[in-house]
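**Student:** Got chain A; can you put chain B on it based on the hints?
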Amino acid sequence: MQHGFFYDQSRCYGCQACANACKSWHGLPAGPLKYLRIYEYEKGSFPDVRVHYQWIPCYHCQKPACVSDCPQEALYKEAKYGAVLLDSDKCDGCRICYDSCPYGAPAFESDEKGVKAQKCTMCVDRLEQGLQPVCVLACPTRALDFGPLVDLVAKYGNRRELDDLPSSEDTSPAIVFKPHTGRKQLVAYDTEKALKLLMRRDPLPPVFASIDEIRHIPKGVVGRGEFVIKHKSMDDLMRRTRNDEG
Amino acid sequence: MGIAEQYNPRMVDVPDERWDEAVEALCREAYENWAARPDVASLAPPNWEEFQKRPVFRFEVGDPYYAFKEDIEKGENPFRGTESGKIEFYSKLLARGPEYLATNDYPEGTGRCYGRGSLPPMAEWTAGGRGTFYSQDAEKYPLLMSTPHSMYRQHGWLYNNPLLNGNCYRHAIWMNVADAGARGIKDDDMVRVFNDIGEMLIPAYVTSRVVPGTVVLFHGGWYVPGDQESPLMPDGIDRGGSPNLLIHDEDLPTRGIGMFPSTGLVQVEKWEGGR
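Just so you know, the sequences run in chain order A and B.
So that you can map any letter, position 59 of the first sequence is 59 in our numbering, and since no number is skipped, the others follow by simple counting.
So that you can map any letter, position 58 of the second sequence is 58 in our numbering, and since no number is skipped, the others follow by simple counting.
Isolated chain A (complex conformation) (with noise of 0.2 Å):
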């Protein structure tokens, strides 16, 4: 029976714990080799800004991009669970496998020529042993939860696709979401006046010279500012994933 995760966006708020998890019971070195990652991005300007975060593991697609490409017919869909699997004597680290996975997930240990590719397991192992995935445990919000998949729809409902991410039409990704809740002003106030008084510093020169340097963020001069999920270099992945908050 498929299984799959449920990701609760309007909980997470990017600790790493399941990233961290993941790395301990998987026994993965330091660095850019991370069968799940965590994205941070925001949205919007002062004051209206928001961060967002997503969620990616391998999703354990019901009808993967990466196992129907891969020349080597390493990657196999697993029967008991649905999981999706590598076998890594079978790869030869083509990388194809990244370029089909809409989500980037089959993870690499440097961006050197014919690394293998690895994966996330579902924590098969774990199934087996009646056992939840690690990632799902970490969570401190428990804004992940995992199961056969139907019993998840039942639960937290059908909704397949979260802003920002891939199409799941393709694929079929075995996840269910749940999205973040709208951006709510408790108090009351016009931002267009708060700017106008915050630009004011008499009788030194004003904060900033006009709202627009405030609204106007041109690309790239954000850290944040956009969400990727596919790298071009594994420093990129890195820089990406890491969590710079405080």
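Don't take every hint at face value.
[To be verified] Simulated DEER-style distance windows between Cβ atoms:
#  : chain 1 : residue 1 : chain 2 : residue 2 : range
1  : A       : Tyr76     : B       : Tyr223    : 47 to 57 Å
2  : A       : Leu131    : B       : Arg275    : 23 to 33 Å
3  : A       : Ala17     : B       : Asn160    : 16 to 26 Å
4  : B       : Gly166    : A       : Pro140    : 19 to 29 Å
5  : A       : Ser10     : B       : Asn160    : 35 to 45 Å
6  : A       : Arg215    : B       : Asp196    : 28 to 38 Å
7  : B       : Thr103    : A       : Ser10     : 38 to 48 Å
8  : B       : Thr82     : A       : Ser24     : 24 to 34 Å
9  : A       : Gly31     : B       : Asp196    : 36 to 46 Å
10 : A       : Asp164    : B       : Cys168    : 39 to 49 Å
11 : B       : Leu26     : A       : Lys230    : 39 to 49 Å
12 : A       : His26     : B       : Glu139    : 52 to 62 Å
13 : B       : Leu163    : A       : Leu186    : 29 to 39 Å
14 : B       : Pro78     : A       : Arg215    : 50 to 60 Å
[Claimed, not checked] Straight line, CA to CA, 27 Å or less: simulated DSS-like cross-link-like pairs of lysine-lysine:
#  : chain 1 : residue 1 : chain 2 : residue 2
15 : A       : Lys196    : B       : Lys186
16 : A       : Lys196    : A       : Lys23
17 : B       : Lys86     : A       : Lys43
18 : A       : Lys230    : B       : Lys186
Calculated from the structure, these hints are not laboratory results.
We treat Cβ as the ideally placed atom computed from N, Cα and C, and that holds for glycine.
**Tutor:** Leaving out everything else, chain B in the frame of chain A:
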């Protein structure tokens, strides 16, 4: 490593699935031991199950507590530490000024304080010190730097832990898009952060999550002298991102123990000299 056995022996072999149960058993035992104490048992606390449902335990206080109770019951003056032996709204000691306080132990044996600021003898509103927008320095150093706590360090402790740096955490100065734009700075550019007492080189973290006109540098960074030297930093411009180097302390009052200035006015400019 044997640490868990010493620290919490009963949790050592608990599997993840039984973790909550084991924690509850510990809490329950602690609660029941407490409830069995003669002084508590006489107040008839609820049992564990009831306490779980309504975790509030109210009881009558027989002998209410009030301020200075112990001194008063002993017949001692609780204000014997002041010069007048009374509550002083106007402190005669503080009125003697910072010089007196910096050269005399007061009360005897408690040592001196070496802060250079003065504390008014009577509470009054002051416009803040050199680390605020009210300071004249704001003309030259228009950005207000605040220094919150980092979740990667306990103050300065763990700052040099390699596992909590580099790929994991980038120590950087946070600034708003508007302030960065006006200075031609984008995220991860090296910047020079300076004022009249210190200078550092550090990457910029450009974000909309900081109020324009302010910058944020998480505290606990160590002074790491770099190759570049300047008249201000003859031992080397800081490469470690230590906010202490940029914070004035002359407003620290002579007797104001417990006050720590943690903000400073700074200017930021793009650094073209490489990383």
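**Student:** So, for every hint listed, does it hold in this structure?
**Tutor:** Hints, verified against the model:
no.	hint	result
1	A:Tyr76 - B:Tyr223: 47 to 57 Å	holds, 55 Å
2	A:Leu131 - B:Arg275: 23 to 33 Å	violated, 45 Å
3	A:Ala17 - B:Asn160: 16 to 26 Å	holds, 24 Å
4	B:Gly166 - A:Pro140: 19 to 29 Å	holds, 25 Å
5	A:Ser10 - B:Asn160: 35 to 45 Å	holds, 37 Å
6	A:Arg215 - B:Asp196: 28 to 38 Å	holds, 33 Å
7	B:Thr103 - A:Ser10: 38 to 48 Å	violated, 60 Å
8	B:Thr82 - A:Ser24: 24 to 34 Å	violated, 57 Å
9	A:Gly31 - B:Asp196: 36 to 46 Å	holds, 42 Å
10	A:Asp164 - B:Cys168: 39 to 49 Å	violated, 24 Å
11	B:Leu26 - A:Lys230: 39 to 49 Å	holds, 46 Å
12	A:His26 - B:Glu139: 52 to 62 Å	holds, 56 Å
13	B:Leu163 - A:Leu186: 29 to 39 Å	holds, 38 Å
14	B:Pro78 - A:Arg215: 50 to 60 Å	holds, 58 Å
15	A:Lys196 - B:Lys186	holds, 24 Å
16	A:Lys196 - A:Lys23	violated, 48 Å
17	B:Lys86 - A:Lys43	violated, 58 Å
18	A:Lys230 - B:Lys186	holds, 22 Å
Violated hints, in rising order: 2, 7, 8, 10, 16, 17; the structure is consistent with all others.
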